[in-house]
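**Q** Here are the chains, one letter per residue:
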Amino acid sequence: MAEPRHADEPSGHGYERLAPLFAELAACGDDEPRRQDLRHRLVEAHLPIAQHIARRFVRRGEPLADLEQVATVGLINAVDRYEPDRGVDFLSFAVPTITGEVRRYFRDHGWAMRVPRRLKELHVTLGAAVSELSQVLGRAPTARELAAHLDLPFEDVVEGLGASNAYRSRSLDSMIDEETGSQLAAGALGQLDGELEQLENREALSPLLAELPERERAIIILRFFGNLTQTQIAERIGISQMHVSRLLSQTLAVLREKLNAG
Amino acid sequence: MEHVHKKQGSDGLRTALRPPTRHQLELRVDADPFWMSALRALITDVAIRADFDLDSVADLTLAVDEACAALIGAAAPQDTLVCRFAVAADRITVTVTLPIGWRTERRSLPTDTFGWRVIRTLTDDVELMDGRGSLGIRLVKLRTAAAGG
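Those protein sequences? They're chains A and B, same order as listed. First residue of the first sequence: 1, per the working numbering; consecutive thereafter. First residue of the second sequence: 1, per the working numbering; consecutive thereafter.
Since no wrong hints were added, every one of them can be taken at face value.
To give an idea of the chain A side of the interface with chain B (calculated C-beta under 7 Å), a few residues: (1) 139; (2) 142; (3) 143; (4) 144; (5) 158; (6) 161; (7) 199; (8) 201; (9) 205; (10) 224; (11) 229; (12) 230; (13) 231; (14) 245; (15) 256.
FYI, nobody ran anything at the bench for these hints, they're computed from the structure. Backbone N, C-alpha and C define an ideal beta-carbon position, used for all residues, glycine too.
The shape of chain B in the complex, shown without the other chains:
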């Protein structure tokens, strides 16, 4: 198999790519389903590189997918979705928000739905942020004990 060109410089690479202690990424996209697969790919890559175990990687990806879908569903055509991914030693925090400050009506999302249950099951902490000016979901995935230590 061709891919067994192992070892060349890989030790150096491994050291260089240790999970960062704290990194942040912010991304703004149109609140349109078109961007969901890109966001999925991004959070998967972030979680794999942060050396989360593959169950946690898959859970987080599904949770972000569900959260983005919920917010995009609540968005108006011209809305923007702001995604923040923060990687810390023990957790990844994802905040997805829909700034709706310029509109007068207050929006919220129901939390007694299957979709919300999905997000809750897949994450260690989840919070609906339906304060003034924006509607958002913050979710936290903790590193499994002993994984990627």
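Okay, chain A solo, but in the shape it has when bound:
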């Protein structure tokens, strides 16, 4: 993670030698049998680039295999659309094409439920307005305050907020934040021991808390042992209040299930 992002990016590592193949491909007629062969060779030779780009997105919660597949589709598109006589080298053309394909995948597939585009846009608008108003008010806004601020009908806001609860927008959320919260969790853990003492099921709870992802653990501790509001937690961790809300709800469900099972 700490290593420079481009450390293993293979630019200038022998990909230039493939340039003549692109010229050959461009010169190929559409139905020449050699065309498919050239295309396959070029895609295969550049696969490490697609895999590299896919890996850069892996922390956003999609399986690596899916991401690699999407990135490969992007690579095939890049090979098909590349025009060598424009004087741009293939990598300069392919990297944004592949990255664009992966981003589009997140945008289109991140919504667990089919939500109309209008609601998706409304969700983004609402998310921004919630942050803005929280800053101004020093607390989370109400639906009516959001409606007034955005000059939207109250019903639209209610609908939009309902939609935000209906799906898990892991894509959008994770686009915005990268991992944070580990330091917070470490700090908050200190005060936890005394608090846990009071709980009858602490022996069962402690290991469950310990095995949570750091950010989720931080959120649980800050909310239930640090008594911060969701908006305050959102501010500290650098994610949206709506995202904190979803993470809390998911994490509580997980804890409940495991505590009951134990």
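Got chain A; can you put chain B on it based on the hints?
**A** What follows is chain B alone, placed relative to chain A:
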């Protein structure tokens, strides 16, 4: 963006949808986890419409979720869960009960657990009702000062 068809009649709507001074809803469902997402959606909608701030809305939803889960966990297969949502100007009160009157054994819920702490943290007042004939949880969420005034 399509949704900017604002203003048409929205002022009238805003007035019509002012938070009610007092409204009640009672709902009976099988004491089965199947109904939890419906109950969650319902209390979220009620709290949003009552114009509670979004932190309070989210807290109340989590609290109701936790309370229902606790009671469903204590329920027998044929039990019914009775949920009452009461909206007043300054508060929403949710009462979830499991009528168990026809059974002889008395039931209760432990209150020194993480789950109970969750409910307590998320609400302004919480009470375990483990009297004769039913087991229930009553929780109160107050409107944040200045929110939706």
